[in-house]
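Number of protein chains: 2
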Amino acid sequence: MERLTIVKVGGKVVEEKESLDQLLNHFSQIRGKRILVHGGGRLATSLAEKLGIETLMVEGRRITDEATLEVVTMVYAGLVNKSIIAGLQARGCNSVGLTGADLNVIRAVKRPVKTIDYGYVGDIMGVNTSELRLLLNEEVVPVMAPITHDGKGQLLNTNADTIAADLAIELSNYYTVNLFYCFEKKGVLLNPKDEDSVISELSLDRFKELQTEGIISEGMIPKLDNGFSAMRNGVNQVLITNPNLISMARGTRLSLKD
Amino acid sequence: MERLTIVKVGGKVVEEKESLDQLLNHFSQIRGKRILVHGGGRLATSLAEKLGIETLMVEGRRITDEATLEVVTMVYAGLVNKSIIAGLQARGCNSVGLTGADLNVIRAVKRPVKTIDYGYVGDIMGVNTSELRLLLNEEVVPVMAPITHDGKGQLLNTNADTIAADLAIELSNYYTVNLFYCFEKKGVLLNPKDEDSVISELSLDRFKELQTEGIISEGMIPKLDNGFSAMRNGVNQVLITNPNLISMARGTRLSLKD
Chain R
4 MERLTIVKVG
14 GKVVEEKESL
24 DQLLNHFSQI
34 RGKRILVHGG
44 GRLATSLAEK
54 LGIETLMVEG
64 RRITDEATLE
74 VVTMVYAGLV
84 NKSIIAGLQA
94 RGCNSVGLTG
104 ADLNVIRAVK
114 RPVKTIDYGY
124 VGDIMGVNTS
134 ELRLLLNEEV
144 VPVMAPITHD
154 GKGQLLNTNA
164 DTIAADLAIE
174 LSNYYTVNLF
184 YCFEKKGVLL
194 NPKDEDSVIS
204 ELSLDRFKEL
214 QTEGIISEGM
224 IPKLDNGFSA
234 MRNGVNQVLI
244 TNPNLISMAR
254 GTRLSLKD
Chain U
4 MERLTIVKVG
14 GKVVEEKESL
24 DQLLNHFSQI
34 RGKRILVHGG
44 GRLATSLAEK
54 LGIETLMVEG
64 RRITDEATLE
74 VVTMVYAGLV
84 NKSIIAGLQA
94 RGCNSVGLTG
104 ADLNVIRAVK
114 RPVKTIDYGY
124 VGDIMGVNTS
134 ELRLLLNEEV
144 VPVMAPITHD
154 GKGQLLNTNA
164 DTIAADLAIE
174 LSNYYTVNLF
184 YCFEKKGVLL
194 NPKDEDSVIS
204 ELSLDRFKEL
214 QTEGIISEGM
224 IPKLDNGFSA
234 MRNGVNQVLI
244 TNPNLISMAR
254 GTRLSLKD
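For the record, the sequence lines run as chains R and U.
If you count by the numbering used here, then the first sequence holds residues 4 to 261, one letter each, in order.
If you count by the numbering used here, then the second sequence holds residues 4 to 261, one letter each, in order.
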């Protein structure tokens, strides 16, 4: 099968023009078919603040009321997504910005309320790649913002790591998919204070150990959960890395071996 | 040639959920291939106000500094565009939201400064419809936000009426294009105080007369200039009308006859 590279990028990388430009330089040099999935970092929080909308986070997840949904739709699908598209076009990389509502790519359901009401947050129900593959065949690069819909007219704020993993899993039926989770660090660190303490290969068992020991924590846990889910469901390769290291395929490689 | 309907909608119609819903009901019932082009009405002005960004208008055109460009990108390409997409998907109408940067559909140039510096406002240089036609062939409805790019990474605020006309002209090479400019009124009014004084057919000569007499003024002039430009350049039919009247093809029909 043909190779497809999916790059997920978030955090500080998308927040600043300089780091975003660097990412786009690296991304546009990847050969073959590509998809970029982005978050919005703290840009949404910053706009919400300016508008006097309170940001509530529970376990690293944003509580999304109606006003917050408008903010994330504006920031993720508008500002960040279209800045990336303009930047890629300038690099000769024909691209199209999409949410999960566009082309009905990702259908989700509003997260059921158990102990916490997350508001307009979507849990992915299905991924439809028919038009996406049509665009990939035309050498177009889809750029996905972390917004989905419920098919009944409601947009939903959805975790970008999960979108990247679910797209990678579904597209593994058609391509050999390599999935790169990119962020500020060079990979998963054994010692958060030592930028060079990158774990080069991480098995599921080792991940559970490091989680128990508190060495892997916070935002890295859902990212790795998503990464291992992708590995178990047909994705060829998952790497946690920095945009600068994509071309060398260096970073933390997930492994299903013990 | 196959028929293509292009509907441009702006003003109050997109500002309120109820009128937008009505528009989407009418739009989703149009048969055959369709494109929707939208403005953002005063939603951008309202967000700018909340953010303490001053809105400067000269002859009905928004002066677009960097902060204003961010606002219109968020409102037009984010909030308005994605609300429309979610609404169309809910009506079984598979659609994709685009700016002129996406798929490189519309390349523009930052308007040269003569007497007025409009800032990041784009004058359209070229329309590329290859991927657009691919999507139309798949029964996908493109929904265009009034933002373009210069191909060098710069997004540009661009008049939605002009985008609709230029798309209609270019696509007339492939389809029989009917272009509907939709707004609150039932058409071009002979007496602004009488909602039923719709001019049913308007020739270029009559338009010039009514303009001289001051009967047609303000925002209607660039809309009609765009409409007549479309008629002169191969577009089959141009109608100025209300969303409710699309199916009956009623309103003000532009004519090239004297």
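If you are wondering where the hints come from, they were derived from the structure by calculation, not from laboratory data.
Misleading hints may appear alongside valid ones.
Any copy will do: because identical chains look the same in the list, a pair fits if it lies in one copy or spans two.
Straight-line distance between alpha carbons at most 16 Å, and here's what the computed EDC-like set of lysine to aspartate or glutamate pairs gives [said to hold, decoys possible]:
id, residue 1, residue 2
1, LYS155, GLU5
2, LYS155, GLU212
3, LYS20, GLU69
4, LYS155, ASP24
For this session: Run the structure past the numbered hints and jot down the numbers of the failing ones, going up.
Result: Of the numbered hints, 1, 2 do not hold.
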